[in-house]
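K.L.:
We have chain C; now place chain G onto it with these hints.
There are 2 protein chains.
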Amino acid sequence: MIDFDYWAPTYIAFGRDKESRTGELVRRFGGSRALLHYGGGSAVRSGLIGRVEASLVEAGVEFVELGGVKPNPRSSLVEEGVRLALAEKVDFMLAVGGGSVIDSAKAIAIGAANGGEWRKFYVGREVKVRPTIPAALPVGVVLTIAAAGSEGSTNSIINLEPGNLKRGAGGDVLRPRFAVMNPELTMSLPPFQTACGMADMFAHLCERYFTPTVDVTLSDNLCEAVMRTIVEESAKVMADPSDYQARANIMWAGTLAHNDVCGVGRVQDWASHGIEHELSALYDCAHGAGLAVVMPAWMTYVYKTDPARFARFARNVFGVGRGEDDGAAALAGIAAFRAWLKSLGLPLTFAELGAKEEDIPLMVRTLNLGGNTLGGFRPLAEDDVTAIFRLCLG
Amino acid sequence: MIDFDYWAPTYIAFGRDKESRTGELVRRFGGSRALLHYGGGSAVRSGLIGRVEASLVEAGVEFVELGGVKPNPRSSLVEEGVRLALAEKVDFMLAVGGGSVIDSAKAIAIGAANGGEWRKFYVGREVKVRPTIPAALPVGVVLTIAAAGSEGSTNSIINLEPGNLKRGAGGDVLRPRFAVMNPELTMSLPPFQTACGMADMFAHLCERYFTPTVDVTLSDNLCEAVMRTIVEESAKVMADPSDYQARANIMWAGTLAHNDVCGVGRVQDWASHGIEHELSALYDCAHGAGLAVVMPAWMTYVYKTDPARFARFARNVFGVGRGEDDGAAALAGIAAFRAWLKSLGLPLTFAELGAKEEDIPLMVRTLNLGGNTLGGFRPLAEDDVTAIFRLCLG
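Residue numbers (the numbering used here), protein chains in the order written: chain C, 1 to 394; chain G, 1 to 394.
Source of the hints: derived by calculation from the structure; they are not laboratory data.
One or more hints might be untrue.
What the hints assert, rightly or not - Covered by chain G, per the in silico footprint, the following chain C stretches (three or more residues, Cβ under 8 Å):
(1) 209-220
(2) 224-230
(3) 245-252
Yeah, the Cβ is synthetic: ideal placement off N, Cα and C, and Gly gets one too.
Next up, chain C with everything else stripped away, as it sits in the complex (with noise of 0.2 Å):
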């Protein structure tokens, strides 16, 4: 185990008709005037924004609205936010909505307490140290998708226009206060996008599952039974939308993949997000679907690495490779996770989700690695990259 820092202080209300608590807990963490923001009509169609406006009025929190946030948010609707909340001098972002919607909050928040300046804190693989983000408006947040973790992180990935660049800003002041959970709201979310949040959050588990860190059993027990956790979920919630405790399993499960309860103590590597975010930029594919094309692929590229790590993968989250020597039991793992992934109904090759080969060597250009290599468990350089893009072929 590695020296670590934690924390992790949203304040999580969890349950049925939680949105009610909306506006005494922007009051509690400090807001009076708040930036509601969300994305497509589904929301306010299902009433979950009106009843999130009458929590705010009841609690005599004044709020002006921006909605219209989509998938793999877009800079320019930034750009407005900050606008809106510096002219209607807000002091607390309020997103009503998945990852997108959050991370996009996150970065208004960053330039409406930076004097509009939000831009230059998203970068991308070429830096090494990340700009420190002086300050940020206080996030709140009522979510709707089970997904990205955003609620419970430090993290906030925008597509910078012009170039649907994916570039990231990070750090402790991008933590929300608060997240609403209500397993009720993720319900209506159809099959396709519900697969695609589980893909999600399995991924963020992965990513800090597979590290060079020896001597971190709590936090592979801890990866392993949230993993396995989605799995065993997962089956119900794709039989019956509406089973209730399936829902909240997985809503909890998505905030606990990515706020480091899992991760801490180890080096994380984060190749697949950075290969994925590439993906996702350039076709606009959902990042789920698209991790789930990528990180069996980057499995079958890395395992040799450590054939040990991954055979403990396959026996004690797969339950298959018992009785097989490492290596096999590596592959078993892969397969059983593959598998895994299409019972799900989400894509596993570039034809599938969209993509094109000819496009390979653009997304590598764009991944902008420079020298730099990508990835803490095993480092890879450019070549690598094209060769795990080709291993999505299929």
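P.N.:
For chain G alone, kept in the frame of chain C given last:
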């Protein structure tokens, strides 16, 4: 899963030499004049108190000191601490020690923020709704014993004199703002104290794991992951007390066992803790040693309430009882638990603990159940508690 609120905002600084950051962390969390609270001479003799003092001086934090906290911390020292904190106008409580020191610091933090009033917030089993603590000084911790989890919890237990009544207070205001956790500081603990600590943290997980709540896959898996880690690492740490990595895994396990990440969304039990507190109050034994006696007896008494849950415990934590029916597996699990405690050198019976059969009626009376019951898994009346004490006779 039942509805829950979860808030664990303690900042953790984990690793070698992290005590050198104490002053910086006191400053970060609002302290400028601290009461440095600790136990016996070992923290002074080892040089730890000196290093903490140097860190405070370097950060420009003024401080006064009060040592002398004993295990099962006494109300008389709390009274002295409250007087000192008020007279010296401290704005921060800094605990350097284990659970007893932290709990004593929390009590002083209440008194100092409420005009000297603290005792009325410490109540027993006769009270169904605990009084709300309106305020407390912020508390920071430099942890020296991996056991109680008080560094990340909302609770405090004090021995109220006269009569040595163990009573508890709880509330968000008691959650420490930061915890410095250097596994090296635990290496000099005697083996018996190390073992008591592991029994205590394991018991914290059992109190959460044994629940009537269904559909809690995630927290079931998390509890089992942390319990397995404690068992696995316990052998290493008993074999080599200076095994840094084993100490690190155990230390972090102690925090996660009790900051409620493994317990939210489920009815918890806490009967064994309630019963044990009567033992440590009467005999001044180590809390973990008392738990080693009480927990297996409690398990033996209640397992028939839900043999499947105890069978799961047997199979997933101790790897026994596979292929057996649930009743047989449950008993195999309890036997394996007992064998593990014995392997740590812990007592399993009243005789080994130094407790006396004739004191059972007194302890049951002092538990002060009134007409209430004890425990969320299987509610226990006074007769049940008597029966469990009798099972402790061996």
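K.L.:
Take the segment 245-252 of chain C, compare each residue's beta carbon with every beta carbon of chain G, and decide whether three or more fall closer than 8 Å.
P.N.:
That given contact holds, which follows from 5 residues of the segment 245-252 of chain C lying within Cβ reach (below 8 Å) of chain G.
K.L.:
Count the residues of the segment 224-230 of chain C whose Cβ falls closer than 8 Å to any Cβ of chain G, and tell me whether that reaches three.
P.N.:
Coverage by chain G holds for the segment 224-230 of chain C (5 residues, Cβ < 8 Å).
K.L.:
Do three or more residues from the segment 209-220 of chain C put their C-beta atoms closer than 8 Å to C-beta atoms of chain G?
P.N.:
Coverage by chain G holds here, the residue count being 5 at a Cβ distance below 8 Å.
Checked against the numbered hints given earlier, this structure breaks none of them.
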